Amino acid sequence: MERSATRVIARSDVNEWLAHILHHRDVIAPTRSPGGDTMFAPITSPDDVLWDFENPLAPPKQFLLPQTEPLAHFRRIDGHMHVEPVAEQRERVLFNVRSCDASALAFLRETYARDLADDVVERRAASLTVVTLACSVPCELGFCVCTDAGPFLRRDFDVQLTDLGDAFFVEVGTDKGRALVGLADALFQDAASDDQARRDASELAARAHFGGETCHFGSAMRRISTKRVADELWESMSAWCLDCGGCTHVCPTCYCFSVSDTPPADGCSTRCRLWDSCQYSAFTLEATGHNPRTAHGERMKRRFHHKASAQYFQRDGRVGCVGCGRCVKVCMGTTDMPTVIAAIRHGTWDGGRAHA
Amino acid sequence: MSEGRLCERGWAAHDAARWGARFHEPHIREHGVLRPASWDEALGVAAKSLRSLRDRGRPVGVLGSGRASNEENFLAVALARVALHTGNVDAGLRRCYEDLLAALEQPAAAADREDGIRRLERSDVIVLIEGDLTTSHPRVAMGVLRALRRGGRLITAGWSRTQMSRLATVHLPLSAAMPVSTLAALQQAFTELAARGDAVSAGGGGASAVERAASIVAESRRVAFVLTPFDADSVVLRTAASLIAALADDVAAAGGTPPLVLPLPVRANTCGAFDMGVAPHLLPGRRSLEDHDARDRLRAVWGTEPCWSGGLSAEEMIDSVSGLVVLADDVTEFHRRPDRAVAALQSLDTLVVFDSFVTPTTKAAHVVLPIAAFGETAGTITSLEGRVQRWRSAADAPHSIRPGWRALRDLLDALGATYAPQSLDVLLRDIWTAVPSYGAIAPAALDAAGGAVLEDSGAPRRATPVADAMRRTASRRVGAAPAEAPSDATADAMRWLLRGEGVFDWGDDPLVTSSPILRRTPASERKLRPTGVVMMSTDDAERLGVRDGWTIRVRSRSGEAHVAVSLRAGQERGVLFVPFAYRDRLSALSGDGGAVEVEVSRA
Amino acid sequence: MPNLLLPSVATILTQRDETPDVRTYALRFRDPDERAGFAFTPGQFLELSVFGFGEAPFCLASSPTRGPDVEVTVRRCGRLTDALHTLGPGDEVGLRGPCGNGFDVDAARGKDLVFVAGGIGLPPLRSLIWNVFDRRREFGRVTILYGARTPSDLVYKDELRDWERQADVTVRVTVDRTGPGWDGTVGMVPVLFDHVELNAATSLAYVCGPPIMIKFVVQDLLKRGFAAEHVISTLERMMQCGVGKCNHCCVGHRYLCRDGPVFNVREITEMWE
Ligand SMILES: Cc1cc2nc3c(=O)[nH]c(=O)nc-3n(C[C@H](O)[C@H](O)[C@H](O)COP(=O)(O)OP(=O)(O)OC[C@H]3O[C@@H](n4cnc5c(N)ncnc54)[C@H](O)[C@@H]3O)c2cc1C
Ligand code: SF4
Ligand code: FES
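Chains as they are written, first to last, in our numbering: chain A, 1 to 356; chain B, 1 to 603; chain C, 1 to 273.
Hints were generated in silico from the structure; no laboratory data involved. All figures in this text were calculated on a predicted structure; none of them were measured in a lab. Any given hint could turn out to be false.
What the hints assert, rightly or not - Below, computed lysine to any residue pairings styled on SDA-like, alpha-carbon distance capped at 20 Å: (1) Lys-215/C - Thr-288/A; (2) Lys-329/A - Arg-149/B; (3) Lys-215/C - Gly-181/C; (4) Lys-227/A - Ile-268/C; (5) Lys-157/C - Thr-24/C; (6) Lys-176/A - Thr-288/A.
To be verified - Listed below are several chain A residues computed to face chain B (Cβ distance under 10 Å; list not exhaustive): (7) Asp-163; (8) Leu-164; (9) Asp-243; (10) Cys-244; (11) Gly-246; (12) Gly-267; (13) Cys-268; (14) Ser-281; (15) Gly-347; (16) Thr-348.
Stated by the list, open to error - Listing some non-contacts, in silico: residues in chain B with all C-beta distances to chain A over 10 Å: (17) His-31; (18) Asp-55; (19) Thr-418; (20) Asp-447; (21) Ala-541; (22) Ser-590.
C-beta atoms are modelled at their ideal positions from N, C-alpha and C, and glycine is treated no differently.
So that you can see chain A by itself, here it is in the shape it has in the complex:
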């Protein structure tokens, strides 16, 4: 692919661009729900899109991996079973996605393409165009600098927007992005070197925002990968987790699933893929009642091994955490990512008091 093109669009023109996009594609963007929360949802008018918002608690992962995803209908016709794949083919644009979430979508896309490729997910990823809004003002709980997933992106976006006040700096990362800009090409000017400078200054300022103490994966990852985290540490940390599965549900990179059929009615049923959570005790429960991972601490160890071990890092080429901070917000206990990573680094657990 050729060098990323850089453009600029005036703030006052953005809605017109969006109107063009809406004309051709379904658009999903952070918007205000009837209950007043911020959430990713399909929008019908450019005015629905939020530009100044707290990243929604539910990540946009559901648009790549729906929580309940019908895979096929089974129908009995004339005594024979017919397997009908569920074809869902819609060109969609995810607009104003945060950097961390865009990295997470790339992580998921790569995961499903690796080894045996999951063509359903691949197709959905291919029909998804991701427009990110770089985080000039990083969010309160995020730690994306530690996971190389923000606040500004160098990869993983189709289009990256940076708010320059009166205008947006537009980086085009892929052909999909180019096509999206092409829908209203006249609205975009080529970026001047001054624009580039303002964008770079914004990134520097954003990075500086994080300060020194965030979430150091490196040393924790070394400990996890070399088995130097005592089982007792997992055990004592697990007493502070309520097993609710919230962290895995709001995590933009968690992708454990189960497969289940809806109860048959009139010879028909639907096979669905459903989000599951490795934090649930039945995740590894076998039909005989045998469960190799009963201890709560082992389940917790599993989660962090998957997120932050060299073994997985090698396979994935990324940390399994993008630093969005959602688990910090949602955890009913005190065992969110930064707190646990800190405990692993220090080798001791204080119930999360240091992070209180």
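Take the given structure of chain A and dock chains B and C with the ligands to it, following the hints.
Leaving out everything else, chains B and C with the ligands in the frame of chain A:
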């Protein structure tokens, strides 16, 4: 649900409603079998049979539910008091919550507007009487963790070493033979300590666990008591609550901040159902049946002179009425003897069930009116701390399933009742008129994140005149009875006690049992181990030579049974606990509940 | 394959009850091309769908040397297997696979082979055993040790007799608890080691069965001088996708459905999470 947080059920069961076996249209029983019918036909049949029973003076009743919204429960009360003219209205599992409430009275100066969980999070010490709080009330467990993280301390009392007890500074094991004796001892220790005025010395070396717990309470400024329905026995719950109330009074009298006392209901909307008047001895707003103000309001809203008399409890109704209306519930999930409850339902003249899930109760119905499940319909619920929250419909109910409030309204209409609100907004306004504490909330506040808090929340909302007397006698009655020492005899010569555990509901909730993800979790073990289990201590298992999952033979004076054991560390020795979900499996041994002596051997 | 998770329809040809709760089904892909194109190695497994009840992994119990139809031997122990046991010849199920790594048959050429199975652990070994018999010259001596809880829990009873009649094959069977009509060995599988001669230096051992049995048998083999690399076993975990995506079967970063289920004992001892 609370502050945007959900428990396991909320995360994983969001569209479980699509997984369960459901009635997608109304059904009526004809020649012994249920057949599909139109709404008009089904409502007509239901109304006709109920009217005829009422007109012939036969007893009828209505069961509301802690699984239904406030609006649905309010209409269930109207169905009973207005349309059927009876005081027979109640909900399963209301009783065990009320057992806790009955003995409690808010200690003197706690007219504090903060809601319960917020106060809990800021406590210096929490005394928790639990079954297993992390699974029964995760949202409250979260509050406990918050308090601990802030440096607070925890004292647990319970049957086994739970997750919470592992975090406790002091754990007080309850004795199966005398469950409240530990609490009595705690109260007594505190009284003595307060009388001597030297909290610190009692905490020193050589002090018993009870003494250490008492001194921790004595030296703490902000004290919280959390009471779960840790036992299925009504008397035990009432006595325990009385003792805690007495202890709370003592703490307040000793000069600290008046403590928080948080009794926990079993189901999501038990508090709301109670507020709406789902109780045979109360009117909406938890007012007494004679309360003139409450009567005036209800007269105005309902447009008629309803029935003001008291009625039967849920279990009494199931045993003795001729016609029953059940709202969003299954009797096998709360009745002491599920097998008998189903038999009783089958012998009813008329059973009308508002529920779309296929359960033993809907299967026994004469008329099934399928209504939307939680999450498929709009409405409000009231949390245990008195937060009134709006529930929005996240998914549409499939087929011709109706919102519960509409189906209930339609039955009121079909019965020709004076009261049948035409929209959800009207209904909400009526509740606001009928129940003053709700009326005090600005409807817009409901839309705020987390909902609005009732004025008098954070505290049990009813003080009974008996409470005082009860708590005085309770401490005298149980005195400081010594906890039963574990028997040291060899396993085969041992005397065993078979005993029911506290009420635990969520493993039976249709949203759990029909969710492909959750139905396999141990909390819904009933489905995993259809033949049942009893809990045994790991020490006993070793002495008896059995492993987890093995079958034992249990014999009592009234019978014998084979049942699998599930091992639990830190549980009292010599006791077999029967989880609430399996209470019927062993009912042949224990008669009607309570603890019985049994003999145990390897099968 | 049209889709990674989409099953193909297959018809049940025959069924045979092995024990009161174990049944063997012969299955044929409905689509002739798919049937012709289906290739697998012993030790691999299928994801079998009972429509409306989901899918579950079952070892291929037949051998690729015996034509394109496949067999699975299923013990009834849950929702799906209950539903499967209500089906019979002519009924349709779904198949997806083959999944997993399978045994490295070529690496076994020229070796003496020891098969040790407990209970429902025999099916995957049967696939390999048939394969070996069909290419008999390529392999050395064959020893088959098999145990079950009671005589009525033994699967493939008739075949065990056939196998015994083959040249250069030793078959020994034991039961934990004796039952009517049983006059053979009584005791756990390891007791059979005293009834046979094994040459650790020239042999490969294949061990399948319940975890506890695998543990003891492996200990015994190592004690008898087998190198850990020469003891090969299969591991079992809860599985959902069978293709390395759902994370149910992970042990550490190993995916039993992709990297396994076949591992040698050195690999197993090095596995951790
Ligand atoms: C590689 C492999 C090969 C197997 N080969 C055989 C065989 O040849 N014969 C045989 O009888 N059994 C075999 N099993 C075990 C068999 O898969 C389980 O007994 C079966 O899944 C039980 O499913 P159920 O639907 O009846 O139980 P449920 O309790 O309804 O299980 C629900 C789902 O969980 C998963 N699951 C539950 N238990 C297991 C388990 N032990 N292993 C893997 N997934 C599980 C399945 O996806 C299953 O559909 C094998 C398992 C594995 C991993
Ligand atoms: S870590 Fe926190 S969010 Fe995750 S399961 Fe435990 S309590 Fe829930
Ligand atoms: S079974 Fe899904 S990853 Fe192995």
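How the hints compare with the structure:
no., hint, result
1, Lys-215/C - Thr-288/A, "18 Å, holds"
2, Lys-329/A - Arg-149/B, "16 Å, holds"
3, Lys-215/C - Gly-181/C, "30 Å, violated"
4, Lys-227/A - Ile-268/C, "16 Å, holds"
5, Lys-157/C - Thr-24/C, "12 Å, holds"
6, Lys-176/A - Thr-288/A, "49 Å, violated"
7, Asp-163, "27 Å, violated"
8, Leu-164, "32 Å, violated"
9, Asp-243, "7 Å, holds"
10, Cys-244, "5 Å, holds"
11, Gly-246, "6 Å, holds"
12, Gly-267, "16 Å, violated"
13, Cys-268, "13 Å, violated"
14, Ser-281, "6 Å, holds"
15, Gly-347, "19 Å, violated"
16, Thr-348, "15 Å, violated"
17, His-31, "23 Å, holds"
18, Asp-55, "40 Å, holds"
19, Thr-418, "34 Å, holds"
20, Asp-447, "6 Å, violated"
21, Ala-541, "16 Å, holds"
22, Ser-590, "26 Å, holds"
Consistency with the previously given hints fails for numbers 3, 6, 7, 8, 12, 13, 15, 16, 20, ordered from lowest to highest.
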